Amino acid sequence: MENSKNTSDNMKTSLLVGSLIFLITALAEIILGAIKIYTDSKELEEHWVNAIPFPPGIFPGLAVLLIGLIWLVGYFVTRKGQNANGYLSVGTVIALGFILLFILILLTDIFNAYALGLEDYEDWTILASLRWIIFLSPIPIFFIMKYREVIFTRKKKTIVLQS
Amino acid sequence: MLTKDVIKTMSDETLVPLGFVSEGKKVRIVSIIGGSRIRNRIIEMGLRKGIDVTIIKNSFGPVIIAIGQTRFALGRGISAKILTRLINGKVNK
Amino acid sequence: MTIKTKNIKDISDGSKISINIALIGNPNTGKSTLFNALTGLKQKIGNWPGVTVEKKEGKRSFNNFELSITDLPGTYSLSASSLDEQIARDFIVHDTPEIVVQIVDASNLERNLYLTSMIKELGARVIIALNMMDLLEKDGSSIDVQKLSKELHIPIIPMIANKKIGVDDLENAIEAVYQEDQKPMGIRYSKEVEETLSKIQNMLATIPSIPTNFKLRWLAIQILQNSTEIPTLLKRWNVKDTVIGELTSFGKEDYEAEIIDSKYEYISKVTSKVWKKGETKLTRSDLIDKVVTHKWLGIPIFLLIMWGSFQFVFAISVPFMELIDMLFGWLAGLLVDNIQIEWLGSLLGDGIVGGVGSVLIFVPPIFTMFFILSILEDSGYLARAAFVMDKLMVKFGLHGHSFIPMLLGFGCNVPAIMSTRALKDKKDRMITILINPFMSCGARMPVFILFAGLFFGASAGTVIFALYVLGIAVAILTAVLLRKTFFKGKSAPFIMELPTYHSPKLKAATIAMWDKGKMYLKKAGTIILIGVVFVWFLAAMPFGGVEYGGPDTWLAAVGTFFEPIFKPLGFDWRIVVALIVGFIAKELVIGSLGTIVGGGESEEGIKSAILADGGFYALNSLSLMVFTLLYVPCAAVVGVMKKETGSWRWTIFSIVYSTVIAWLFAFAVFQIGSLMGFGL
Numbered sequence: 009m010e011n012s013k014n015t016s017d018n019m020k021t022s023l024l025v026g027s028l029i030f031l032i033t034a035l036a037e038i039i040l041g042a043i044k045i046y047t048d049s050k051e052l053e054e055h056w057v058n059a060i061p062f063p064p065g066i067f068p069g070l071a072v073l074l075i076g077l078i079w080l081v082g083y084f085v086t087r088k089g090q091n092a093n094g095y096l097s098v099g100t101v102i103a104l105g106f107i108l109l110f111i112l113i114l115l116t117d118i119f120n121a122y123a124l125g126l127e128d129y130e131d132w133t134i135l136a137s138l139r140w141i142i143f144l145s146p147i148p149i150f151f152i153m154k155y156r157e158v159i160f161t162r163k164k165k166t167i168v169l170q171s
Numbered sequence: 032m033l034t035k036d037v038i039k040t041m042s043d044e045t046l047v048p049l050g051f052v053s054e055g056k057k058v059r060i061v062s063i064i065g066g067s068r069i070r071n072r073i074i075e076m077g078l079r080k081g082i083d084v085t086i087i088k089n090s091f092g093p094v095i096i097a098i099g100q101t102r103f104a105l106g107r108g109i110s111a112k113i114l115t116r117l118i119n120g121k122v123n124k
Numbered sequence: 003m004t005i006k007t008k009n010i011k012d013i014s015d016g017s018k019i020s021i022n023i024a025l026i027g028n029p030n031t032g033k034s035t036l037f038n039a040l041t042g043l044k045q046k047i048g049n050w051p052g053v054t055v056e057k058k059e060g061k062r063s064f065n066n067f068e069l070s071i072t073d074l075p076g077t078y079s080l081s082a083s084s085l086d087e088q089i090a091r092d093f094i095v096h097d098t099p100e101i102v103v104q105i106v107d108a109s110n111l112e113r114n115l116y117l118t119s120m121i122k123e124l125g126a127r128v129i130i131a132l133n134m135m136d137l138l139e140k141d142g143s144s145i146d147v148q149k150l151s152k153e154l155h156i157p158i159i160p161m162i163a164n165k166k167i168g169v170d171d172l173e174n175a176i177e178a179v180y181q182e183d184q185k186p187m188g189i190r191y192s193k194e195v196e197e198t199l200s201k202i203q204n205m206l207a208t209i210p211s212i213p214t215n216f217k218l219r220w221l222a223i224q225i226l227q228n229s230t231e232i233p234t235l236l237k238r239w240n241v242k243d244t245v246i247g248e249l250t251s252f253g254k255e256d257y258e259a260e261i262i263d264s265k266y267e268y269i270s271k272v273t274s275k276v277w278k279k280g281e282t283k284l285t286r287s288d289l290i291d292k293v294v295t296h297k298w299l300g301i302p303i304f305l306l307i308m309w310g311s312f313q314f315v316f317a318i319s320v321p322f323m324e325l326i327d328m329l330f331g332w333l334a335g336l337l338v339d340n341i342q343i344e345w346l347g348s349l350l351g352d353g354i355v356g357g358v359g360s361v362l363i364f365v366p367p368i369f370t371m372f373f374i375l376s377i378l379e380d381s382g383y384l385a386r387a388a389f390v391m392d393k394l395m396v397k398f399g400l401h402g403h404s405f406i407p408m409l410l411g412f413g414c415n416v417p418a419i420m421s422t423r424a425l426k427d428k429k430d431r432m433i434t435i436l437i438n439p440f441m442s443c444g445a446r447m448p449v450f451i452l453f454a455g456l457f458f459g460a461s462a463g464t465v466i467f468a469l470y471v472l473g474i475a476v477a478i479l480t481a482v483l484l485r486k487t488f489f490k491g492k493s494a495p496f497i498m499e500l501p502t503y504h505s506p507k508l509k510a511a512t513i514a515m516w517d518k519g520k521m522y523l524k525k526a527g528t529i530i531l532i533g534v535v536f537v538w539f540l541a542a543m544p545f546g547g548v549e550y551g552g553p554d555t556w557l558a559a560v561g562t563f564f565e566p567i568f569k570p571l572g573f574d575w576r577i578v579v580a581l582i583v584g585f586i587a588k589e590l591v592i593g594s595l596g597t598i599v600g601g602g603e604s605e606e607g608i609k610s611a612i613l614a615d616g617g618f619y620a621l622n623s624l625s626l627m628v629f630t631l632l633y634v635p636c637a638a639v640v641g642v643m644k645k646e647t648g649s650w651r652w653t654i655f656s657i658v659y660s661t662v663i664a665w666l667f668a669f670a671v672f673q674i675g676s677l678m679g680f681g682l
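Chains as they are written, first to last, in our numbering: chain A, 9 to 171; chain B, 32 to 124; chain C, 3 to 682.
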């Protein structure tokens, strides 16, 4: 609305590129995650899917998928010439929220495994808790830096939704 | 059912239920129909005759309206009972 | 209402002058922010008399004053159409605070002043804390504060509560107002109304039994608008039935609308002189709302946030739970091994430390759950969750507002049932209360975690998820059933204010977590402790010679007595005992199983004891989980249900209904499973 044409063009590109990267990653993670669950249930430990160092998961994949979808809808909204700031903000904040959440889970896993030495963690390695979305963090971080004005209020008074 | 096309053909004097006003439009509440108990509670929340309301969102589920800086979500049922008149874009006399 | 006005000079001994202050305001005006700013951590949470609605009190000292501040529930009106309004009004009438501080949202002046007019009508002295002044310029509006103050005869203090700006001015105003009387607001009703009012007032003046703290004009207005509680009030003052009849005959339904209109008319006349209204602009919050309430994205976003919240709760609490488990296991072992008197060692070790430990272990997930729910509420998202779910809820005869208590039920059903007080329609509220116990609270989780973990291995998560879904499904079916039978009719219209999004404050969330979690700790220290000792006692009796928790104890006798009822569900006497004890609190189910099966000191111990036992297997543990999910949550929920529904009949209905439902579902699970060959 109040954006100049230049920034809205920029945002259009950002939304499209960001959403495509997230969507492709998400589809791969969900499909591989489903295969992994299948092989786990059949106890096929030799299966190639288990050779992936960072195990895929269906639910974490769905999170990536939804963030990608939010940005994609935002992209189509900009094409209609409407304000897509909300889509950019919500997608970015949810993405960051989940990245922080998975980093937190990683840290507690490290604590559980090494400090507490829990039984469940006998075969666990740090790689097993590196969720795919963590590797995608440059995108939301880039969005935050580039569109700080859009995502946070100018006077830093109100930060938007968290997850 | 009122469609958007029907609304377009109506004159400014026609009363439109709040639930049928499209997004971004500004309307003035003319009357609230329904039982007095419910009506009084709505009025106490600030939705009353003569108040100008902007429709923020009206596409799925409840309607989101703005009165000044306050936002309300109104269920479909109640937003059909609040009768309004369109104000022609320019407002705030 | 008369207020004692003390002269400061009278007090020369240097002691502090205490002033009672009530804090009131519309919802979403920053009332709790102001309350926190005024009182800091000097807060006390109690209950309002007669109802279990949370009552917050705090203290603040300045100069030689000590303020006792009571935080009243957020309301739009004092017409007592909901429990919140009734509480706020009764406090002003009966507790006669010396000053009522009303926090007013500067961007919504008219509606906020409507509440002011009602407070003034009750005869209270008011100070307006005009909050969010910083947001005014945003939409180009402005308020002439001085002029407004003069028009209303009320001191107005501009504030920005979240930055603590204006708190000093508020103190000064309190000091000034404390020493003087305040003029009433200049609202005049139509001639007809005024004449009737004075007639009623004259009649009331002749009744000596009306307490002096009731303003006659306010009473007259209540009588005029046919307020339903007036006859009971008059009866309490021993007013003769004939007089009551005469008084109430003045009432007419239309008067209420007229009185509301007149108040608003007066307010708009005043505000038109001092308030420049701004333009409605599409704000950041609106843009976010378009996404989170989006036709297709809304529900997935909600589900994702819920899933993330659960992950957060687990991630944070697992290490703490393990630590607590280790600590108590060690402590219990120490006591059992080192105390020479065997029964005492057993009581302290197995009974108290083991039992309390098995409860305290769930403090981390419950605290984290409250933390995350408070963050969701504080950020403004919870209202949007209600919005998103409205469409679905309408299908089940409820509306979006009923969804928030359901969500809170995942934490604990007690505060969840309390939160239904915001629902205005009695029937909606009853249904929402009665279905709440089926929302699986945090205390049921340990049973699921233990048994699903033991017998369902990798699909444990799915089993637990399915149990939550089953709980929601039973809740919804019950809602439909109740709507079709006992609570016929449509649900009240759905109107909800959507607060502006703002970043949740860590401090506020921590305070909320502690306040709510404290109740759980208290429960662990009292009712659960007693329950644990009771179980230990039954498990150790008759005295001497019997194996602790063995088949010859009194505990076994109780279990064996009820066993036939539960046989078709696959439960033997030990599970029956655990379930009966679980009625006190679901946390006790695991604890008492530990007592009976042995290895009761730690979770790990119980696990291996159950595996070694042979009386437990996948199918009966599934039916046990289903039963645990659906039957009465705990004694505390029964208590809160009685208080909030005000009816023993419905409370007993809920107990019987949920137990029968639990039995039926567990029966179905066990019998169908057995037929399919999943039995032992």
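If you're looking for bench data, these hints aren't it; they were derived computationally from the structure. On a predicted model such as this, the values are computed, not experimentally measured, just so you know. Certain hints may be false.
Taking lysine-lysine and the PhoX-like style, the derived pairs with C-alpha atoms no more than 25 Å apart in a straight line are [stated by the list, open to error]:
no. : chain 1 : residue 1 : chain 2 : residue 2
1   : B       : Lys-80    : C       : Lys-271
2   : A       : Lys-88    : B       : Lys-80
3   : C       : Lys-217   : B       : Lys-80
Some chain C residues flagged as far from chain A (calculated, every beta-carbon gap over 10 Å) [to be verified]:
no. : residue
4   : Ile-21
5   : Ser-229
6   : Glu-267
7   : Gly-310
Simulated coverage check for chain B against chain C, where a stretch passes if three residues somewhere in it have a Cβ under 8 Å from a Cβ of chain C [stated by the list, open to error]:
no. : stretch
8   : 46-53
9   : 69-82
10  : 98-111
Each residue gets a CB set at the ideal place from its N, CA and C atoms; glycine is no exception.
Hint by hint, here is what the structure shows:
Taking the CA atoms of B/Lys-80 and C/Lys-271, the gap is near 15 Å; set against the 25 Å cutoff, the hint holds. Distance restraint check for A/Lys-88 and B/Lys-80: the Cα-Cα separation of roughly 35 Å exceeds the 25 Å cut-off, and the hinted pair is therefore not satisfied. For the suggested pair C/Lys-217 and B/Lys-80, the alpha carbons sit about 30 Å apart, so the restraint of at most 25 Å is broken. At roughly 33 Å, the least C-beta separation between C/Ile-21 and chain A is larger than 10 Å, which holds for a residue marked as non-interface.
Interface exclusion of C/Ser-229 from chain A stands, the closest Cβ pair being 40 Å apart, more than 10 Å. In this structure C/Glu-267 is separated from chain A by more than 10 Å, as the shortest Cβ-Cβ distance comes to about 35 Å. For C/Gly-310, the non-interface assignment is contradicted: its Cβ lies about 5 Å from the closest Cβ of chain A, within the 10 Å cut-off. Counting residues of the stretch 46-53 of chain B whose CB lies closer than 8 Å to any CB of chain C gives 0, which falls below the minimum of 3, so the coverage claim is violated.
Note: the stretch 69-82 of chain B has 11 residues with beta-carbon separation from chain C under 8 Å; the three-residue rule is met and the coverage holds. Restraint check on the stretch 98-111 of chain B versus chain C: 12 residues with Cβ-Cβ distances below 8 Å, three needed, restraint holds.
The structure fails to meet hints 2, 3, 7 and 8 from the earlier list, while all remaining hints are met.
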